[in-house]
Structure formats: structure tokens, C-alpha cells
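Protein chains in written order, with our numbering: chain A, 1 to 355; chain B, 356 to 703; chain C, 704 to 1011.
Everything labelled a hint here was simulated from the structure, so no lab data went into it. Since this is a predicted model, take the numbers as computed values, not measurements. A hint or two may mislead.
As the list claims (entries may be wrong) - Within a straight-line C-alpha distance of at most 25 angstroms, the following computed DSS-like cross-link-like pairs (lysine-lysine) qualify:
#1 A:93 x A:163
#2 C:714 x B:594
#3 B:600 x C:725
#4 A:355 x A:246
#5 A:93 x A:246
#6 A:163 x A:144
#7 A:186 x A:144
#8 B:600 x C:714
#9 A:163 x A:246
#10 A:355 x A:93
#11 C:725 x C:714
#12 B:594 x C:725
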Amino acid sequence: MFNAVKTAGLIAIASLTLAGCAANEGAPASDLTGTLNGAGASSAGSAQEAWIAAFQTANSGVTINYDPSGSGAGRESFLAGAVAFAGTDSYLKDEELTTESPLCVPGTGFFEVPIYVSPIAVVVNVDGVDSINLASATIAHIFKGDITNWNDAAIAADNPGVKLPDLAITAVHRSDDSGTTKNFSKYLAETAGDIWDGEVSDTFPYSTGEGASGTSGVIDAVTNGTGTIGYADASKAGDLVTAAIKVGDAWVEHSAEAAAAILPISTAVEGRTETDMAVDLNRTTTDAGVYPLVLVSYLVGCNDYEDDATGVLVNAYASYLTSEEGQAEAASAAGSAPVSGATRERAASITAAIK
Amino acid sequence: MQRPTVRLNRWFLPLLAAASFGISSIVVTIPMASAPGDFNFVGAAALGVVIYAILSFLITLIAQGPRVAQDRMMTTLVLVAFGIAVIPLVSLISTVVTLGLARFDGEFFGSSMRNVVGEGGGALHAIIGTLEITALAALISIPVGLLTAIYLVEYGRGRLARSVTALVDVMTGIPSIVAGLFAFSVFALFLGPGIRMGFAGAVALSVLMTPVVVRSSEEMLRIVPMELREASYALGVPKWLTVLKVVLPTAVAGLVTGIMISIARVIGETAPLLIVAGFTQSMNYNPFSERMMTLPVFVYYSYASQGADTQSYIDRAWAGALTLIVIVMVLNLGARIISRIARPHTSR
Amino acid sequence: MATAKSHIPQKRGDVVFSGLVKASGIAILVTLGAVATFLIVESLPALDPAAQIGSAPDGFWSYVAPLVFGTLLAAILALAFATPLAIGIGLFISHYAPRRIASTLGYVIDLLAAIPSVVYGLWGIQVLAPAVQPVYQWLNENLGWLPLFVGPVSGTGRTILTVSFVLAIMILPIMSALAREIFLQTPKLNEEAALALGATRWEMIRLSVLPFARSGLLSSAMLGLGRALGETMAVAMVLSPAAVITFALITPTNPSTIASTIALDFPEAAGLDVNALIAAGLVLFIITMAVNVTARGIITRSARKGAF
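Bound-form chain A, shown alone (with noise of 0.2 angstroms):
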């Protein structure tokens, strides 16, 4: 017994003597303390570890704490009062509107900032194919299952001079809820209606293809696998090959300036309150300067919380994402798209206000 308390008060021991601060880890530069946490979509996960650095920095007696659990995640957790703030791929859903989270002063409503718009980049993993154009037909009936091989003619058709292999398709979709899901599924669902037929959720609709969690997941199993095709935030595409789509009659590949330029042709989504920024895309476009399978980010929070702390940081990590500096770090740490102009403004005055 004695030799067991030992053991135990041994482990205690070297626990402290290895509990000296950690080489990267300095004393506090300004007055914000305390520990934010949010959750959701991993699609920014990125920009998010980007801000997160930057925004510690400058405030190091602040630690905050990103789960990149996906958008569904993020906002139920919120909604729960699990975390402070979340970030989601798709604005919410108008009956969690309607919902209080715990953390909320009753009857202040929550804020819903656009803070990263990226493109969704179709990525594709197959031997000798180093470019690849795909319509979103094509696109819909490849994770559909209805195309199965590389060498069917649907794909030809859009690579005219291309030689596809006769190689089977494994088409990777995300496991868990996602606004990478939603955006990818709306994307087609406009675009491609008549084949694309499932309902647009933040799942993916369709009991075909293979399932991989979290964006990571899905680079990762197309990445290693054959004959793989996923889609993906455009930040965590890596070196693979991703597909030009079609707009109007152009094959437009991805690009940051080509994901922003959807944003100024947009609406407004109806209903929403001033603190509201959602936003339905215009997906439909035959523009051939836009890119318009892109995800627009948002960050979900109260604009009035119950613990005044919170309140405060809050204000503070949001203001800096909204902020020029903030945009442009995500925009070089993550290949995102700023938001900017007159967007950026209006979403740095409803941050300004949270309390």
C-alpha cells in the first residue's frame, strides 16, 4: 500500500517537475483574460487555428478553443449553451431562430456575422489525371452512384481529348453534419435539380459512395485511396487535382477572387433580424468571372450574454475577425476570400455591439 502511494505520489512529482511553462507560452501583454470556447464547421478550421494564433498574441492571457466538429455541431452546442459562439457553414435554420440559447439574455437574439467564404473545391484522385473538368450533372451523378467508372461517357463528354481510365469511382462524402455538405448539395440541387433529388441538408442525402468525418477525413480517404473523387473546402485541398466547373458555357476553376465575386450578386435572406447577416447565393449565375460552388462561413453568437466576461471577449475575438487585419490573415493562412467593402463594415458594427 505504502509502495502504491508511492507510485501515485511519483507520477504527481514528475507531472511538476515537467509542468514548467511550455517554451511557447509567455506572460499575459493585456488585460483580457479568461477561456472562450466555441465549435463548428471545420471547413474553416484553418483560418480558424490562423485567428485563434494571432488573436492570443496580442492577448495572451486569452485562451481560445476551436472544435472543428462540424457546422450542425457548432450550432447545436450553442444552442445548448456547450459553447460561447459557433461557426457554421450554413446561417441558421429558422426554427433555431425561434429557440434561446442559456447563455443569452432572454429576448436579445443571437448575431450571425459572414467571416470566411470559400470555394468548394472538387477533388479528385485518379492516375494520369492531372486536370478535369466536371458539370454539375456530371457531378451530381457521380455521388449520386449513377456514374460509376471513370471511363463512362458523361465525363468524357466534358473532357473531349482526355483518355479516363477504366477505373472504378469512389465517391467520398463527409459522415457527419456539414455546411460543406448543405452548400455542396445546394450547389447541385440548382444547378442539376432533375438528378440531383435528395433532400438539401447539412447530411449528405444519399446512402451511396463512402463516408469520411470532417473535412480532414475526406482530403485523407481521397488522398490515399484510387479512383477517389470528394469535395472539400478549397483551403485543405492540397496538392490534388481539382475539377473545373461549368458556369454559362465556361469551365471556371477556383479561386479566391472568383468565390468573392458572388457575394455583391446575392440577396439578403428574408425575415432576419438587424444583427442577421445570412445571405442566399446566387448559384444559378452564368457569370464566367465567378466561381459558384463556394461556402460562406458565419460566425453565431447572443448579442447580449449573460456572463459579462464572455460578452467581452466575445466582442473582442469577433471585432477581429471582422476587422481588415483579420480577414487578410485568414485570406493567407487559409486561401479564403476576404469579405470586404461594405459586407465587412456592417459585420464590424454588429460585432462592435456585442455585450
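Since chain A is already given, all that's left is putting chains B and C on it; use the hints.
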């Protein structure tokens, strides 16, 4: 009576094996003439084993009769089973070591992931978290487990003891994720749904660890010879002092060994900590407030939520895996050394 | 000689101490009771037949059925792969290998038993899955007429067959360690008697070792099964999940397991979905408990009967 059999030369089987693999390599190479590609080692090895098994069986059957042939066949099968089992385990260890060494450096053990984007960073926060949570779990499990073992061995008679024995068995089989759910629902009940803290992780781990401690301590206490207890009673020493001063010191090496192995068992648990301890990129020394990173969760998250620069995340995952294995090995080796050093005292 | 004064504290010591150890025994009972109670109480809302859970149309049982199926399928396959190998390793170490090698091997196997499951998961997804994918391709082309190997073949190897390989490798160390122990306990006299009668090594094993070890092997298999049923991280990291019941082993749509579904979905669950996951956990708890109790039953029955 057996008929006299021909004895095979002792070089026969090794030569036969070499010949079998030679044949199989040639067979595997033939299709490469038409479709060039990498040499198929797996195919060649599998084919070689099959050829060897058939040839050695047939030759032995002719030379030494069916019984010896059957014996030879079974020897081959046992060796093959062993070989098949060893391949993945060797692959596992060698992958973890080779890939893990890429980031097994000072920075990995000297810093956390706070403010780290892409390359660099380390797992100090996770190592601290793992040590604190495991120490807390041990602090709960060792006294309860040890005392329960003493109860079962020295005092336990009747219904209560029998049901404790049975339930310890049931508890050994609790899936770790269920222990995590239990800890979560207990803490969520009192502290709200967003509750994440190191201590809740320790509670989950102690549910898993206690039955292991009971089992191993019970075994160790049972092998303490009855004569020692009787001699002590004869000298008028009361029972509780006999247990504390005679039985426990006699069994101490075995007890410590068992406890260290039980720590090694829970230190790599991931699932319950994922649910109740949460994850963070920063140091957190206080297991009673806020999220706390642990090494297995660090490995999982480094893999499962890679950033833009995927390679550095995967490198960190493997380095974390290597660290975990090293910790487990050290605990096991330590246990073995203690039991070896202390063995003479246990009068086994 | 001992005065009345020194007797009383000693007696009190006995009372206190026996009370203390008894209390820890009771603490175990209480903990297990608490685990069961919490799981049941938290599960009840999900068991309501009208409850709408996730995307499952008709309540909890239609939600949990594919998960139970996947859990059993993966674990039983893993057991089928691991059992012969474990017996082979056990025999090799106990009866074939030279003594010095045998003890080292035994130690190495003990160490492997302690490798954390997240490490197996990482290896399974990064190394094993890409390695077995071409084999699946081959199986589908040549044995595709078997319902087990129908297409379409997964392009990533993240299938339930890969999962059961990983699980088999994970339970192999503990099962072979048990098998070795059991084989080593065969009475030396029986073995020597068999050899003295002119038996070959295999005949000796078949006649004296295996009959002696049968019940022990059975219970070690049950313990392995229990482990495989509850394994979480390796499955969560490797499998491509879908809510289906199918015996097709190499397609991209696989039935998921209870434990991995809890680990993957719990962080993003809210409301009734949490209750459903906890209820699924309860189902898993009951399954593993049944397996363990059976294993225990086999051990006690054979102990009562005597080893022979």
C-alpha cells in the same frame, strides 16, 4: 510396431524451403514479362509457403509415413500462423518508430500547440494533461481497488463478497466509451451540458482502472502463504495489523507490478477523454476547470483535424503515438524490473 | 500481559479496518449500479417509440439495429481471424520455440497488448487500408460471385473487413498471451507420457494439450470478443460508415459500430440524439456484459468439473 523409417538429412527442410521460395519467385516473375511492375513480394512469399507446405508434406509422407507427415504439416501451420501474426505487429512498431522520429524532438516536448499554425509546436500540454488525469485516476483507483482486494481475500465471505467478485468481472468488461458516457452524464447533470474537465476524464478512467487493480491485487494477495498469517495471529497480532504489516509487505512487489500495468492500460485510453476532457491547444494545469488535452486525444486530433499543411499535423500525430508507446513500454518494463528485484522477498 | 487498555484500540483498529475494506467493496457495487442507473435514466427518452432520432425513420430500434449488426459483424470476423493465429502463437511459444526465445517472445507480446488503440487506428488508416485495397480489388474480380465480395469495391480500403483486421491484430496479443498461459499449464506428466508412447509432437499436442486447454481457449476467445465489441477509436478512424445492414465486406458503405458511432457523433449531438447515443451505449454494455458473463460461466463450470 512401426516400420523403420528413412531419416531425412537435417539440411533437407531448410533446402526445401529455399527451393520453394525460389520456385515461387520465378512463378511470380513470369507475368511481369508481359506487364512490367514492381516485384510482388507478398505474392511470392505466400506462394512459397504454400509450395513448401505441400512439398514437405508429400516428401515426408513418402519417406516417413503419414504420422510424421501430419506432424510436419502442423509444425508448418503453427510457424505460418506465427509469421502471419508477426507481420502486422512488426509493421505497426516500425511505422510508429520511423514516422514518429520525424518530430520526436526538443520542441515537441518543450511547447504546446498554442498559437501554432502549420509546422512546429509540440505536445507538452497533452503530456501534462495525460500525467495529471492518469495520476488522479490512480489516486481514486489504487486505494479503492487495493482495499477491495483486501476485503475479498482477507474478509470477504458470503453473498456480498460473491457479488463483488461477480461485479468486478462485469466492470472489467465495461467498454471504455461507456465509461466516458457515464462520467459525462454524471458531470453534465450537475454542471451543465458543456462541461469538459480533466477530472471528469479521471473519473471515467478510474471506472476502467479499478477492476484491473482489484483483479491483479487479489491474485497477488492470494499467493501470500497462509502460514505467514497464522504465525502472526499466533503472536497475538490483530488481523488488521497482520494484513498491513505482514501480508501487504510480502506481496508488495506483485502489487506494484499489477498497479503499474493497470496504469499502462488506462494511460492510452482515448474515447472517454474525447467525450469528457475535451481538447485544447494550450496548457491547462488545473484538472478541475476547462478543457484539458491528453496525449491520445492529441494523436487523434492531429490526425482528424489537419490544417492546410497536412504533413506537419500527421508528423505530430505519429510523434505523439511514439511518445505514448514509449510511456507504456517504460511502465511495463518498470513493472517487470520491480517484480524481478523484489521476487526473493515474496517467498514464491 | 496485554492489558485491557491496549486491547480496545486494537479491536477498534480491526473494526475500522474491516469496515474500510468492506466500504470499498460496496463502493464498487455502487459505482456499477450508478453506471447502469445513469445509462438507463438517460436512455429512457430515446426508447419512446414516437421519438425521432437522427435520420432513422421508425424510432430507436431501427436506429440501433444496423449499429448492433456492424458491432457484431466486425467483432466476430475479428475473432475468426484472431483465434487460429492466437492458438498458433500460443503453441509456438509454449511447445515449439526454444526456451530462451520463448520467454522473450512472451514478454514482447505482453508489451503489444498495452499499445493504445489510437495508435492501432492511426496505423490502420495510414498503412493498412491503402495496403489491402488492391487485395480487395482482386477479391472482387475473382470471388465477386460471393455475396461477401460484391462490388463496388471501396477505393480507399476503409471497409468493415479492414476494421476487423485491425481489431484482430488488437486482440491478438491478449488472446495469445492467454493461450500461451493455458498451454503451459498442461500437466507435464501427460505430455511426457504421450511422448514416451511414441507420439509425434503434434499427436502429443492433440491428445494431451488441446483437450486440457479447450475451456481456457474458449474463455480467452470470449474475452477477445468482449474487447473487439467495445473497441472505439480504431473503428472510428478507419471505417467509412453508413446506416446499412449488409454482409458485403469490401464496399464503401459499411454498417458502423456502436462504440465508434458514439465517439464520432457525441461531440455534435444535442437533445434527443444524446439520449439515443447513450441508449446505444447501454445496448453495447448489455452485449459485452453477456459475453463476459458467458466467459466467466465457462471458466467456473470447467473449474468445477476439474480440468479433465
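Checked hints:
no.	hint	in the structure
1	A:93 x A:163	violated (44 angstroms)
2	C:714 x B:594	holds (9 angstroms)
3	B:600 x C:725	holds (19 angstroms)
4	A:355 x A:246	violated (45 angstroms)
5	A:93 x A:246	violated (29 angstroms)
6	A:163 x A:144	holds (23 angstroms)
7	A:186 x A:144	holds (14 angstroms)
8	B:600 x C:714	holds (16 angstroms)
9	A:163 x A:246	holds (20 angstroms)
10	A:355 x A:93	holds (24 angstroms)
11	C:725 x C:714	holds (16 angstroms)
12	B:594 x C:725	holds (14 angstroms)
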